[in-house]
Every structure is written in C-alpha cells, then in structure tokens.
Amino acid sequence: MRRGVKITAIVASAVMALSAAGCGGKKATTGGGGGGDGKKTVKVGLAYDVGGRGDKSFNDAAYAGLQKVQSELKLEVKDLEAKEGESDNDKIQRLDLLAKSGYNPVVAVGFVYATALGKVAPKYPNTKFAIVDDNTVQAANVTDLLFSEQEGSYLVGAAAAKKSKTGNIGFVGGVQTPLIKKFEVGYVAGAKKINPNIKVQIKYISQPPDFSGFKDPAKGKTIAQGMYDQGADVVYAAAGLSGTGSLQAATAGKKWFIGVDSDQYQTASAAEKPYVLTSMLKRVDTAVFNFVKSVGDGTVQKGDIRFSLKNDGIDYSKSNPTALADLPTMLDDLKQQIISGKITPPEK
Amino acid sequence: MIYRLLAKSYTRTIVAALVALVFAIAVTSIVLSVSGFDPPSTFQAMFEFGKEPDSVVNTVNRASGYYLSALAVAVGFRMNLFNIGVDGQYRLAAMLAAAVGGAWALPAGLHQVVIVLVAVAVGGLWAAIPAMLKVARGVSEVISTIMLNFIATAIIGFLLHPGRLAVQLGPNNIGTKPISSSGRMPGIPYPGSELKLYSFLVIAILAGLGYWFMINRTRFGFDLRATGLSQSAAVASGVDARRMVVMAMVMSGAMAGLIGMPQLLGGSYTYSLDFPAGIGLTGIGIALLGRNGPVGIAFAALLWAFLDQSSQILDFNDIPKEIVAITQAAVLLSVVIVYEVVNRAGQRIDQRRVATQLGEVTA
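Each protein sequence line maps, in turn, to chains A and B.
All letters in the first sequence, in the order written, are residues 1 to 348 by our numbering.
All letters in the second sequence, in the order written, are residues 1 to 363 by our numbering.
Treat the hints as calculated values from the structure; they're not laboratory data.
These numbers come from a predicted model, not from an experiment.
A few of these clues could be false.
[Claimed, not checked] Derived PhoX-like pairs (lysine-lysine); straight-line CA-CA distance at most 25 Å:
hint : chain 1 : residue 1 : chain 2 : residue 2
1    : B       : Lys177    : A       : Lys119
2    : A       : Lys119    : B       : Lys51
3    : B       : Lys134    : A       : Lys119
4    : A       : Lys162    : A       : Lys83
5    : B       : Lys51     : A       : Lys123
6    : B       : Lys196    : A       : Lys123
7    : B       : Lys177    : A       : Lys348
8    : A       : Lys119    : B       : Lys196
9    : B       : Lys177    : B       : Lys51
10   : A       : Lys83     : B       : Lys196
11   : A       : Lys100    : B       : Lys177
12   : A       : Lys119    : A       : Lys162
13   : A       : Lys273    : A       : Lys310
14   : A       : Lys293    : A       : Lys273
15   : A       : Lys203    : A       : Lys100
16   : B       : Lys51     : A       : Lys83
17   : A       : Lys181    : B       : Lys196
18   : A       : Lys193    : A       : Lys165
19   : A       : Lys273    : A       : Lys83
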C-alpha cells in the first residue's frame, strides 16, 4: 500500500521536477521587471500554508497583490511553503530564515503562522511583518490583515435567493473551520433576507485536520452536482481550488455558480463563463498590496487592519452583467445598508 | 572478506542501508541534473543547513514523532499485522488527551502522566476495534484500520467544535483549551539555538528500549515473532493466535497514542486545527526502512526528518522541494530491494559454507 503511494510519489515528483525544468523553474524571483530607474528595491518574503501558490484562490491572491506593487516598487520576492505535518518550530525557522536573510516585509499567509510569528517578530524589531486572517500576535512590528467575509457572503446570498426560481440554493464549504463558517452564515443570512422560506443545502468537503477540501475539485463537483439534483439552482462554493469542480457541475447542469476570494469569472473557461453569476471577493491582493506599499513609503500601520465592504477589501464581482441583470441595484442598496451599519451580517 | 561480512545478519542490514542510500543519492543527482540544478552544491546546501543548530533541533524533534510512529507500526509488522490506522489512533489520542489535559489543572508531574495515560488508553482502545473485528469476524485489519482513520477524522471534527471540546484560539483558529504550565514538559536547550528539544525525546528512547526488550526478551515477544513467521506453526506449538492479534494491535495503538505527545506537551499545548497530521502514515515507511528494529528505526527516522528539514532550504534556493520526496522514495524502494538481494546472497554463502563443512559438495 505504502509502496504504491511512494511509486506514485516518485512519478509525480519526477514529472513536477521535469516540468519545472521545462519552464525554467516555477519560482519567479521577480525584480528585474522594475528596471534600473532608481526605484527602491524591496525584498518581500511570503510564507504560505500547505498548498502554496497555484490554488487559483487564496494564496494566489496574496501573490497577485505583489504583482500589482511591481508597477510602483522594485520587488525581490521569496515565497516559501509549509510542509504537510510540520510543527510550529518549522514555521518559526521559516519566518526566521526570511527575516535573517534580509527580507522585509515578511507576510505570513494564514492563521497557522500565529504562534510562530509571535516568537519571531520580537527577534527582528526592524522587520515589518504581516499576518493574514489573525490578530492574536501582540508585537509592535506586526500588522494584522483581517477580513469581514460575512459581508460579501451576505450579498451573494441575497443574489442567490433573488436569482433562484426553485427557492432552493446550495453552499459548498471547503473545510469546516470557523473561517469558512463565516462565509456560510453570511450567505444564509443574506438569502433569508430576500426569501425567508428559502431552503439552503449546506455541505463541507472535509473536516480538519484534513484540509484536502480546499484542493479537491472532484469532490467539489460531486457535492455541487448532488445539490443541483436535489433542486438547488444556485451554488456558492467557498472551497478554494475545489470550487472549480463545482463550476463544472454548474456548467453541465446549466445552473448558477458563485465563486469565492478571486473573481472566478476571469479564470473560468469560455463555456463556463455564462454560469458564473458573481464571486464574493476577498481582496487578499489589495491587503498585501497596501501593506507592502506602505512599508515602501514608510507609512506602515501596525495592529489590526480590517478589510470590509467599506474599504473595498470585500466586494462582489460584476463581471457577468448578463447574468446579474438588474441585481446590482438591489445588491448595491444592501451594500450601502451594511456599510452604514443598518444591517450587520452575522459572523457565526 | 565480503563473504564473512555477509555472514552476519546485522551487517547485511547495514550493507543494504548503505547501498540504498548511495542509490538514492544517485537517483536524486540524476533528477537534479536533468532539472538543471547542480547536485554537489545542492547536497552541500542541504548539509550546511542541516548542521545549523535550529535545524538540528527541528530534525530531532520531528524524528521523535516519526520514531514513535514507526515503533507503533513495527509492533504490528512483527506479526504480519498491518496497522495502517496509526494515523487515526494518534490524532484521536492526542486530541482527547489534550482536552483532558486542558480541562483540569493537576499538580505538575501527575498532570503529564495523566495526559500521557489518556493518550495511550485512547490509542489502544481505538486499535482494539480492528483487532476485535479481525478475530471475531475475520475482517482484514488493513481495510478496517484505513476506514477507522476516516472515522477518527470525523469524530475529531465533531468534537473539536466550540461548545464541545474546543475554544476559540484566534479569530480563525480553534483548539482544545491550552494545557496549563503544570502539564507541560519544558524543552531541553540546545547550544546555539533558541528552539528547544522536546524532552519527550527521552520517553521515545525509553519506548525504543522497551520495544527491544519486549520483542527479544519476553515470552510475549517470542510468541509475536513466531506468529509473524508462521501462524500455523505458532498455533501448533500452543500460541493463542487470536489473543496475539488483539494484544499486538492494542500495543501498536497504545504506542501510537504517544506520537502526538512530544508536540502536545513540548510545543503546542493544545490540539488545534494546525496540529501536525499524517505522521502515522510516514511511520509505515520508516518502519520498513528501519527493518522493524529499534536502532534501525532510529536512524531511519533521523534520515527522514533530515530530508524533510532540507526541503526548507531547497525551497529557499528556488530548487523544487519535491526533490526530497524523490530521495525518500528512492531510499525506501531501494532498501527493500537491496535488502532482499543482499539477504539472498548471504543465504547462498551460508549454504555453501555449511555444504563445505559437511564435505558433501566442494564449493
């Protein structure tokens, strides 16, 4: 059994290594692009959780934020990824390695870095650190990048309820964590606001510590398929890469799909695009962009920075106007009500 | 010379391991060169990084979990029982032990003992399920343990929920209530590093000694090995095979209960969403590599942990860190094959020598 797995591992790794050779190394050490026009070089370190770059969702959004900074600052990026089954000590060493090698700022992508960052940040008082999705680290040189995912989910929930003809919608969660729960409750609350009798089917792909639910398109497809079969006509997938499978199911059944984190209309194929109703945007790219830029300017903010509808850190996408039709009128009204505090979407 | 070397079984093991290692390095070098990286400088970077005090601490700490995991697997392997469920056993054990440890503050000393005992008991009981299924219904333990891994994951998912056994640790992280200082095991300082070695390491070494003693010096260990070599022969000589299955499985599970302890008592103090998973599966490979012996497993665990550690510096140097998986796979595959080859060669030598001594055939 294990030997079988290992053989697969060899083949898979060899293929990966060879393909990496083919494209000249998959890691891009960006920096040359800025040119020698006197821009200040900023060495940025990124530490991902397991999965890393290439998830078309959360981690990629962080990287996309850096790409945007390129136009204004000369960057040298080093991105490192966690290994399955590692402990806090490994994360400490990873952050330490980045800080020690002169990377400043260092961005920890994901709450799993909280404990490690608490140990490393005080050792490097001159390095600016940021952590996404956590605010438990108390240090002067740490910026917490937090998101109000429930607000955007509330809006797409309202959109789903309005669009649904069957009065039946679905929610596919990647992994059953408090983080994804925020997406779920916001979505349900938004849908109930429009149609109090709506039926919402809720399913999670995996339970922690099994985090495969964020990278399992096959299961994302099966679960969405099941929901469509049981009468749902809109499904919201907050499941990272697995959501691409749910979109396939939507396309096959000619039903609606709602994306998450990034605008999934942009990454969908031509055949899939018509079925992407909208996406809940969690602008990790904006957060990383602002943070890195502020470090470059010397105007870095410490403590909590909350991204919400108010500052465009959370939003819904309007890239499929045909599908949305007149929905934006209603959604923008709800959005204003949330911003003004008239509506407060629940968090749990 | 080589004849005399191969005559002893432990030298066969060492020779096999060395040949396998050389083979793995060769395979890795080929992959590296094909990918456009320079093998010598890559290996040098791995060793330079591995020598750093922080790396040594992380390698040894990682190896302590791997070691216990491989011992748990080896107990079953010794009598041809494949306990693939070590992974589920240790996670469930660590979670419940963490919950118990966090719920009550007991006097230091007693607190740690209670936590470890809970872990051992949970691991053993969880492993008793496939054992009972096997003796009562003839269910293959390979199938049942794999399925129980998924069930363990589901149970953990259910219990690790705010209001049940979990508390909010951060805006997005939950875990069991952190164990108070009376239940923690202070780390052992290592010169040049701010990180500390898990003191549970000592218990892992004791577990290795206990394993050796049990296998080689007790009636139970003899029965275990006998059943593993030939079940029918063992039964014929009065070994209760069903009892042996249950005992071995429960011991394997109890040992599995210890796997999460170095991390729980020495590092995280809580079973949270980011508690290390998958160590139980790694243990299967390490037990194979270490040929189920307590010393062999120790070397195998250290080698494995060192390679895992190296992936950090490969990643930093923009070399695909999947290279490490290739090396690990190559070591594992080649050690199995090479050992078989060396063993057969050794047996032929033995046969010839015996034949010569008897004067029946001239070699």
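Are the Cα atoms of A/Lys83 and B/Lys196 separated by 25 Å or less? Given pair A/Lys83, B/Lys196 holds - Cα atoms ~20 Å apart, limit 25 Å.
Run the distance test for B/Lys196 versus A/Lys123: straight-line Cα separation, threshold 25 Å. Given pair B/Lys196, A/Lys123 holds - Cα atoms ~16 Å apart, limit 25 Å.
Against the 25 Å threshold, does the CA-CA distance of A/Lys181 and B/Lys196 hold or violate the hint? Cα-Cα ~36 Å, so violated.
Below or equal to 25 Å on CA atoms is what counts here, so check A/Lys273 against A/Lys83. Roughly 34 Å between the alpha carbons, so the hint for A/Lys273 and A/Lys83 is violated.
Decide if the proposed pair is consistent with the structure: A/Lys100 and B/Lys177, CA atoms, cutoff 25 Å inclusive. violated (33 Å)
A/Lys162 paired with A/Lys83 [C-alpha distance capped at 25 Å]: Not satisfied, since the Cα-Cα distance of roughly 43 Å exceeds 25 Å.
Holds or violated: A/Lys273 and A/Lys310, Cα atoms, limit 25 Å. violated (28 Å)
Please work out if A/Lys293 and A/Lys273 have their alpha carbons no farther apart than 25 Å. At roughly 33 Å apart (the allowed maximum being 25 Å), A/Lys273 and A/Lys293 break the hint.
Would the hint linking A/Lys203 and A/Lys100 be met if the CA-CA limit is 25 Å? violated (43 Å)
Regarding the pair B/Lys51 and A/Lys83, is the alpha-carbon distance no greater than 25 Å? With a Cα-Cα distance of about 20 Å, the restraint between B/Lys51 and A/Lys83 holds, given a limit of 25 Å.
So if I understand the rule, the pair passes when the alpha-carbon distance is 25 Å or less; does B/Lys177 with A/Lys348 pass? holds (20 Å)
Between the alpha carbons of A/Lys119 and A/Lys162, is the straight-line distance 25 Å or under? violated (48 Å)
The structure does not agree with the numbered hints 3, 4, 9, 11, 12, 13, 14, 15, 17 and 19 stated previously, though it agrees with the rest.
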